[in-house]
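Here is how the chains run, residue by residue.
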Amino acid sequence: MRGKEVVVKRIITLNVNGEEFEFLTEVHRTLLEVLREDLGLTGTKRGCDLGTCGACTVLIEGKPYLSCLTLAADVQGKKIVTIEGLAQDGEPHPLQKAFVQKGAIQCGFCTPGMILMAKAFLDENPNPSEEEVKQAISGNICRCTGYTKIVEAILSLTHK
Amino acid sequence: MRLPKFEYLEPKTLQEAVRALASDAKRSVLLAGGTDLLVNMKHRVIEPKQVINLKTIPKLAYVKNVKDELRIGALATLHDLSSSRVIQERFPILSHVATKVGAYALQAMGTLGGNLCQGNRCRFYNQSAFWRGAKPPCYKAGGKLCHVVRKPGECHSTYCGDMAPVLIALEAQVRVVGPNGERVLSLSKLYSRDGKRPLSLRKGEILKEVLIPPPSGKTLYLKWRRRESIEFPIVSLALHIEKDGTEKIGKARIIFSAVGSGPVETIGAEEMLESSSLDNRTIERVSNQAAKEISPMRTSIYSPSYKRRMAGILLRQALENFQIPNPK
Amino acid sequence: MNKLDVVGKREPMLDAWEKATGRARFTDDLAFPGMLYGKILRSPLAHAKILHLDLTGAEKVTGVKGAIGGEDIPKKKYGIVPMAKDEYALAIGKVRYVGDEVAAVVATSLDAAEEALSKIQVDYEELPAVFDPVEAMQPGAPVIHEEVHNNVSASIRKEFGNVEKAFGESDFLFEDTFETQAVNHCPLEPQAALAVVDPSGKVTLYASTQIPFFLRRNLATTLDIPESKVRVIKPKVGGGFGQKIDLYAKDFCAAFFAMKTKKPVKFVYEREEVFTSTRQRHPMHIQLKTGMRKDGTILAQQFKVIADGGAYNSTAPLMITLACYFIMLPYRLENLLFEGYHVYTNKPVGGAMRGHGIPQVRFAVEAQLDHVAEKMGIDPLDLRLKNAFQAGAPHPAKLRVQTCGFSDTLKTAAKGIGWEEKRGKLPFGRGVGLAGASFPSGVSNMSHISSGAMVKIERDGSITLLTGAADIGQGAETVISQIVAEELGVPLEDIRITAADTEITPLDPGTFGSGVTLRAGNAAKIASQEAREKLFEAVAEKMEVNVKELEARNRRIYVKGSPERGMSFKEAIKFYQYSDRPMPIIGRGSYQPPAKEPTTLLKEDGNFSPAYSFMTQAAEVEVDTKTGKVKVLKMVASHDCGKAINPMLVEGQLEGSVVGGMGQALYEEVITEKGRVLNPSFLDYGIPTAMEAPSITSVEVETNDPEGPFGAKESGEGTQLAPAPAIINAIYDAIGVRFKTLPVTPEKILQALDEKKKE
Ligand SMILES: Cc1cc2nc3c(=O)[nH]c(=O)nc-3n(C[C@H](O)[C@H](O)[C@H](O)COP(=O)(O)OP(=O)(O)OC[C@H]3O[C@@H](n4cnc5c(N)ncnc54)[C@H](O)[C@@H]3O)c2cc1C
Ligand code: SF4
Ligand code: FES
Ligand code: FES
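Note that the protein sequences, when read in sequence, are chains S, A and P.
Under this note's numbering, the first residue of the first sequence is numbered 5, with each subsequent residue one higher.
Under this note's numbering, the first residue of the second sequence is numbered 303, with each subsequent residue one higher.
Under this note's numbering, the first residue of the third sequence is numbered 17, with each subsequent residue one higher.
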């Protein structure tokens, strides 16, 4: 047992958007806090801090995670993708384009989480029905759009 | 809302985790997906000295057939359950129920073990420190009274998990590992029905896997909630029925969630159903009986009478569904 | 009208890319070196005297840099409506609701700030509290504000025509009582403020606000500093819906601590605080009596409205006034007696929310009209068409309605939902319903209700636009830029916009009353024209033509009708410069809605808004009669927005508004028990998710209002007035039960069906 070695602060290494970050932090900090406050990646939003809105969604090994309910220390060695890392070689992700062009963005506060959720979902299920899309993003609250254009934007990438 | 400070352990084996847990069981918690635990910690209803992360223990997130039995590791996520081929083929109902928990991200994070071991809920308990600050702490929060029922000594907090009812209906067992080795108990026995300490796990014990016997009969799960996502059940029902070879019902299991301090099996209603045929009169009687048998408390924003009523309605719907030759 | 190049186009929002890539900065995304984090201690009690506040425990926590109570900050009341100011930055002497602000701390980390809160000792003496507005009005009820003995802090009693006489002449009289619930705006971005002080002592406040200039003014008066020492900057705002029209403790505390500590200070609310301690849509108790003539004419209506205001005023007088005046649109109504009360209770505070006082009364009227139609054997659509207000008609309160597409919205919405084929004809459990409404496009004549804009034509041909308009996600910046691009004949991409910075941009009242497009749009239009004229003069001189003959389009300036006779925009600028005209080329515009006698309606009648929009919502629902669950299958939102400057954004407004309205009809409610919010989270509150969202069809009815820029009127709030009654009316069509209390939960449906069976 390594009981005695336990410290409250630790050096944590995170792989975010393909970059390694090493920093000293307390173990009780969430990934959301660390991304926003330590790494300056403020694209990940805090809408509720309690797992109920999806604004803080990031991808961990391709899966959607609520960063407000994830310990930063717990995702070391995992591939973390935030909205800032979605574009490839300067080229925006098709979902980003679709959201922009279809008017699926109003205030934009739900947008990063929504897009990442949609990405995780489409990667798994490239040809979903409208109902499946709705279900996939149903943990991501949007107060502005009424979801119509968000669902349209996501569906626009499916019928290929 | 910040988390309280704690010490953080990353055991590499179950044994290591068990030892750490047993060494200071009262002040330690296990972390799986964290979707239940971390909310409670932010609310300061759980303020552990140490958090033991189970995810650093390899090979606890499996889904596999062992002979006829299906074994699911405690760390398998709900999303693993809904996307697993094996489960989709042998226990489609489990895949289905997993998609009903919270929403997508919660399923990707939340584990089966965490779902089964999640804390009981109460409108006076699952609130922020500020919210709770106006009243003296209740039993579950370490105090000396209950805000729901004035009866001394008891906590009526409610078990609201989605997976347990169905797994109990499927007669699942769980394997737990503790300081004195492993033991297997029926999932139903995992629940103590004591709101304050809802699990019957002994000091230092960790749930390792869930064992499900080969499928037989038909199982349905109906979850009632206001919106079709995010929410815990207002009330939910797992119904399992096996025919006895004739038109009569051989075996019936009726298990509710969100109406008691653990999953609630309505034995009276089950008995009424067994060896009867599924005619409309039986359905009416059985659902009334089940609604009578449960005793929900005012632990959520929904009234006990409404929960009771919906419990009856869900059971009626489920039974009617079985009347149709090939239920969904 | 000329063919338009930029106006009327489905352009993505100018900042959509920033938002899609995570680069958009909201207040909480900003950070400055040495920044302190603030937290507010809130009252756990609904009504209590503060006997003693002891901050020493908090001050001792490592990292804490300051702790204050109400006595430590200038004792000046603030409020969004000057005549109704009743709130201190932090409570003085007593607290009036659970969540009222008692003390504030700042620390070097949020952990320390949170810990410090738990170390503050407050001795309270609990006072009797009152939670029901009707009880609060009774003699002997607990007094919440000493100055207001009966707890009625704002009221209105107005009669138009002669209601008693009209009731006497009526062939039918109908009387009903309606109740609406408390609804939270739920902007996804929680309220935030970040204050920075520069060496000269000036405070810059970055804030999630809809009203930067009002906020500046209130900060100055409340903190007792000159307005010149305050600058408010609005970064991106994550939705507001009216909640951010107000001023909050976070604003004052951030500025105060920044001044005191000389360090940047940030306050961000928790979601729970947004639910308990910001604003909500007022619950209302509405008694409504309507007199009808046999032929279906609405002769008279009488209202008694009691609005549960919660512990403070916020917009109280305006809210109750709007509720009154907008009864008289979208239907002709000559005789109205309106009695309205805004009543203090020890509960969360009511404020402006999408529709501001009108959705509640609209629900009552529209639900009752359906009933009236049925009893009189008239189709509810026909009844509405018969009474529909028409452009130019005299209005009892002298509102001047120049364009009115209400009848068209009724017809198109009915067509869209399949009214003819479906109303009364669908199987039990399915039904359709509709409801209408009207809303102002901004407010004419309250203090400083005018907008300014400045347009600079840069040397490289690009355009810099300065506007005070506060974009909170609705796309105001985009729409205003489209107007400028159209006027200058350049593509949208040539416009750069700086907005909502009280130091740099011209005055603007802010985002409320749905006035932004019309007001700030007109200002920008005027500014663009002025800049364009300067350029035209130079071009006219060079080409030896009359200025009036010129036209700007496609980055060219040329003689109307012959595009080849002209020059590129850039050449024009060059020529302007070399002809020794003063650079830079700047156009300025100010717009104040026209009005002869200023009126806020608070004291007298008169035209309230430069233009009025009209809308109809139609709904199709399915009711599961076994469980009581209602599913809204389809909504048609037909909206007379004058002219859609950007149809895609208008649709977005309608869709969001419809789902919000559906939330009020079926799902949402801030539930309180003895003043304590039981469900201060997205888990239990019931905000609709994508699973609940119906299919929505938007229909834009264009009436080209003479006052609006390119004919535009509002499209922000009006749409949220009618979805709830449309849905409730559809539920009636489905199961034959009329609901008068919102929200209509499955539980209520089951009860109602039971009672119906018994009958
Ligand atoms: C917004 C929201 C909505 C939700 N909706 C639902 C819902 O609809 N239905 C539902 O059932 N749940 C719901 N949940 C709760 C939770 O997300 C799920 O129950 C999830 O499956 C819990 O798993 P976890 O791995 O995250 O558990 P954790 O939070 O990691 O753990 C939960 C508890 O179980 C204990 N524990 C975990 N693993 C073990 C183990 N192997 N042995 C012993 N003890 C263990 C932990 O110590 C902790 O006390 C919701 C949560 C949120 C935040
Ligand atoms: S039931 Fe009573 S004791 Fe249990 S959590 Fe609720 S208030 Fe506390
Ligand atoms: S901020 Fe994490 S779910 Fe809302
Ligand atoms: S765009 Fe504002 S919350 Fe979704």
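Certain hints may be false.
As the list claims (entries may be wrong) - Below 30 Å or equal to it, Euclidean Cα-Cα: the simulated DSBU-like pairs (lysine-lysine) are:
1. Lys520/A <-> Lys307/A
2. Lys101/S <-> Lys19/P
3. Lys135/P <-> Lys437/A
4. Lys13/S <-> Lys135/P
5. Lys414/P <-> Lys320/P
6. Lys650/P <-> Lys690/P
7. Lys110/P <-> Lys91/P
8. Lys366/A <-> Lys67/S
9. Lys437/A <-> Lys576/P
10. Lys76/P <-> Lys307/A
11. Lys83/S <-> Lys366/A
12. Lys76/P <-> Lys135/P
13. Lys19/P <-> Lys307/A
14. Lys764/P <-> Lys774/P
Keep in mind that the hints were calculated from the coordinates and are not lab data.
Predicted model only: the values in this text are computed from it and were never measured.
Each hint, compared with the structure:
no., hint, result
1, Lys520/A <-> Lys307/A, "violated, 47 Å"
2, Lys101/S <-> Lys19/P, "holds, 29 Å"
3, Lys135/P <-> Lys437/A, "holds, 17 Å"
4, Lys13/S <-> Lys135/P, "holds, 24 Å"
5, Lys414/P <-> Lys320/P, "holds, 22 Å"
6, Lys650/P <-> Lys690/P, "violated, 38 Å"
7, Lys110/P <-> Lys91/P, "holds, 14 Å"
8, Lys366/A <-> Lys67/S, "holds, 22 Å"
9, Lys437/A <-> Lys576/P, "violated, 76 Å"
10, Lys76/P <-> Lys307/A, "holds, 19 Å"
11, Lys83/S <-> Lys366/A, "holds, 26 Å"
12, Lys76/P <-> Lys135/P, "holds, 9 Å"
13, Lys19/P <-> Lys307/A, "violated, 64 Å"
14, Lys764/P <-> Lys774/P, "holds, 15 Å"
In this structure, the hints that do not hold are numbers 1, 6, 9, 13, in rising order.
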